[in-house]
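Asker: Residue numbers (the numbering used here), protein chains in the order written: chain A, 1 to 212; chain B, 1001 to 1309.
It is worth saying that the hints were derived from the structure and are not from the lab. No experiment lies behind these values; they were computed from the predicted model shown. Hints may be right or wrong, so weigh each one.
Which chain A residues face chain B? A few, computed with CB under 7 Å, are given here [said to hold, decoys possible]:
1) VAL24
2) THR30
3) MET41
4) ASP131
5) LEU169
Here a beta-carbon is modelled for each residue, glycine too, at the ideal position from N, C-alpha and C.
So you can see what is in the structure, the chains are spelled out below.
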Amino acid sequence: VNGDNDAFGLLFTRHKDRLWAVAVRTLGDTEEAADALQDAMISAFRQASGFRGDSAVTTWLHRIVVNACLDRLRRRAARPTVSGLDERAMDVLAPGPPGPDTAASTETFLDVMAALRTLPPDQQAALVLVDMLGYSVMDAAAVLGISPGTVKSRCARGRARLLPKLAHLRGRGGPPAASAAPVSSAPHENPPLGNQPATRRVSPAEGGETRL
Amino acid sequence: VRGHADAETLAALREELLSRRKAGRVSAHLAACPRCAALDAQLAEVTAVLTRSTAPPMPDALTARIEAALAAEAAARPGTARAPAGPVPAGAAPAGAVPAGAVPAGAVPAGGRPSRPGRSWLALRVAAVTAAVAVIAGGGYGVAQLLSSGSPAETGASSGAASGAAGVPAATPNSGPRMSGLRSGAAAANSMARPQVISSGTDYQRGTLAAQASAVLAAQGQAGQPTTRPAPSKAAEHQPTQFPGLQLCLDQVTHGQRPLLVDVASYQGHPAAIIVLPATSQARPRALVVAPGCTATTAHVLATATLPG
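Start from the sequences and build out the full structure, keeping to the hints where you can.
Answerer: Set out below in structure tokens:
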């Protein structure tokens, strides 16, 4: 659709924070996330013929961003890595506002990103959307272009692989993990994202046009 | 199963990915085995750790950078100048005369909470396209319109969008006059509300914002606003890519007041627009600094200052 330049600008304004949240968590590096997000937005803008205001527009934007990030992750994986977590990731958090929690959350973010990077990109992407950002399995499936069952299995395998790598972080925010919580086969529920109000699961009332 | 469950099996159980039979077996084992129960609890903690981890917010500079990139992309897009002619029939042109900021601002509340989720997106789309017609007719991501000096014929409300599109050459974004009338749907509907948009090249600074704004305002007053059409300046060249949403932004931050000055320049070395609002009965003239990300819904006000006198 021609003449949508400004409409696209509005779209970007509305979704940029959520898209950024996805990109920075998927890549774990602000500079690379910035480049990926910019590439994705340009790409989306060029595909504006696919931008028709249907209910999938938010999903579509997310998918382009996720794919741009995954491309980078795969390219990164193909390169010989210098280290698991390069110094740029440290710079990521340097400019942040100082606060009582900065040190701890910085540490957590870096540790989590380092652990995430050991997973296959597909599992990373699923965990970023579902566990880190609280998207529903259905929404994540739509964004990733895979079935909900595949989202679940990628999340499950990713969590299992992360378990030993996050051992030192577990229990920091709650009771010791060994407290043998009762387990049933009830559906697993994501805990409330109380510390991330800006990126919680987005209700229809907030987004309006999609479930995302 | 006599043996213990591994983490992947337990994770699959949590996602209900196991067959009913296997799920039953593993669940029964879990209930009786503290070691596997502990492992299962640790799995829940993995999700909790991921959920707790925060990441840096999107830097404002990145927003500006991407908006600039999008604007450049729009400016380079072939055929952009004729955009309204295709999808928007001539009969729709009067809709473009609705104040450009009013429509999207109404359709997209700042809180982003449309009352009817099912229909609101469509409303947004219509509004957004209407805004695009009103603001973008020149083909430069909205700002071309700001740069083109409106002739009376072109500002006619009934044909504003369509004739604007035809009347503005594609090269406009790179050849806009330094000082020009702001022409848009809103301006066409109410010419009294048409502010001057200039590009003075001033790099405003935090400490001297008020003084610099006063100086530019004074200089502009001497230049004779309505008729002056100076040659294109260097500063004007990059305007279109810097302020994709300036018109919508103005509608939002001015609250209907006619700005004394809109200067697309820089602040502390970064692209910014300096908007000077007139004095009111309660307040002296005020200068606002907005970042290129300023749009109808997000102000991005970087700084404010009260002008002397």
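Asker: Is the interface hint for VAL24/A satisfied, with its Cβ closer than 7 Å to some Cβ of chain B?
Answerer: Holds, about 5 Å.
Asker: Does THR30/A hold up as a contact with chain B if the rule is Cβ-Cβ below 7 Å?
Answerer: Nearest chain B Cβ about 6 Å off; hint holds.
Asker: Is the interface hint satisfied for ASP131/A? The criterion is a beta-carbon contact with chain B at less than 7 Å.
Answerer: holds, 4 Å
Asker: Quick one, is the LEU169/A hint okay against chain B at 7 Å, beta carbons?
Answerer: holds, 5 Å
Asker: Minimum Cβ distance from MET41/A to chain B below 7 Å?
Answerer: holds, 5 Å
Violated hints for the displayed structure: none, as all numbered hints are satisfied.
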